[in-house]
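K.L.:
Sequence:
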Amino acid sequence: MTKQYIICFPHQPSPVGGPGTFQTNIESFLIKNGHQVVYSDTKLRPDLIFVVAGTRKILWLFHMKLKGVKILHRLDGMNWKFKYEKLPLSNKLKQILQNFLIFLIRNFLADHIIYQSKFIESWWTKEYGKKDNNTIIVNGSSFYEESKKFFNPKEDITLTCVEGAIQNDDVTREILSKFDNNLNSMKRIKSIEIFGDYSQVQDFQLLKNISFKGSLKRESMKHALTSKKRIFFLLELNPPCPNSMIEALSLGIPCIGFNSGSFAELLDGAGIVLPYDADVWKLETPNMEYLIESINDLSSRYNEFSQKAHQISSRYDLSSMCQKYINIIHKLIQ
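Note that this note's numbering has the sequence shown beginning at 1, numbered continuously upward.
Below, a list of computed lysine-lysine pairs in the DSS-like style, where the Cα atoms sit at most 27 Å apart:
1) LYS70 to LYS57
2) LYS324 to LYS118
3) LYS3 to LYS70
4) LYS81 to LYS118
5) LYS324 to LYS308
6) LYS131 to LYS118
7) LYS43 to LYS67
8) LYS67 to LYS3
9) LYS131 to LYS324
Okay, the calculated beta carbon distance ranges per label pair:
10) SER28 to ASN184: 42 to 48 Å
11) LYS149 to LEU66: 49 to 55 Å
12) LYS94 to ASN152: 47 to 53 Å
Think of the hints as simulated: they come from the structure by calculation, not from any bench.
In this text, a Cβ means the ideal position worked out from N, Cα and C, and glycines have one as well.
From just these sequences and the hints, can you work out the full model?
P.N.:
Written out as structure tokens, the structure reads:
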């Protein structure tokens, strides 16, 4: 019988966003497998601390490290847009501090590092050097099922974006404006829906052809995605390993987006990768000349790309992802 462990997270999972979704999923899997999940306020001595992205409780982590508790660190991307966005100084300093705390955990405290994608591994290695004892584990989706759902080829398509929070950078606003102004040019696209907190988006009410749906509870998102025939567009720039895209692929929804971050790495032919043709790291505007044309191409070949998404969907099976984490946890503690 496998020994049961006390696994401690610095914080409870956030109700929105990718890291919160991941932590909710991994906690459920740990509990299902007999392990005890606690948080930093526990009086119990944990067998392992699981840091998702970062935490401000750096002194507590140092204390636990000195007591011999193993630390597993799942790395997200770094804050980077603040260098080119017009933000209050306090916001920029906050993001710089967040990066620094994550760096401290990665380079000085973590016993093992999990990168969400090859892109994330490359990014951190380039910025802060190579680290031993690391593994790449791509995110999984609780939406994956072996049974597949296919849509009528003649059915109208909804262009769909899903983010925890829709960003207000110049590139995102230009892409949304492009969609809004060209809905009639997208031959098989009859509507555009965006899910997520849109409170940061300036003048969103002027985008008459885009329906902002707001944030949905996690348990409602699967039904929302499967209720219509959809194409998923990834709005995020330099995505580390976007849960929303993986959830779409796991449901057989083809995806399209610009070639930045881990997008092409995860897509593997289940959609279209658009050349960025500019410096995304400086928030330069991508080449949108072929955006509408490519959406029309994907729409006309929907079944082909959807079948490819179904073919690769098993690699995003949540239980398989969680088991990889369990195996690493066991190796660290033993």
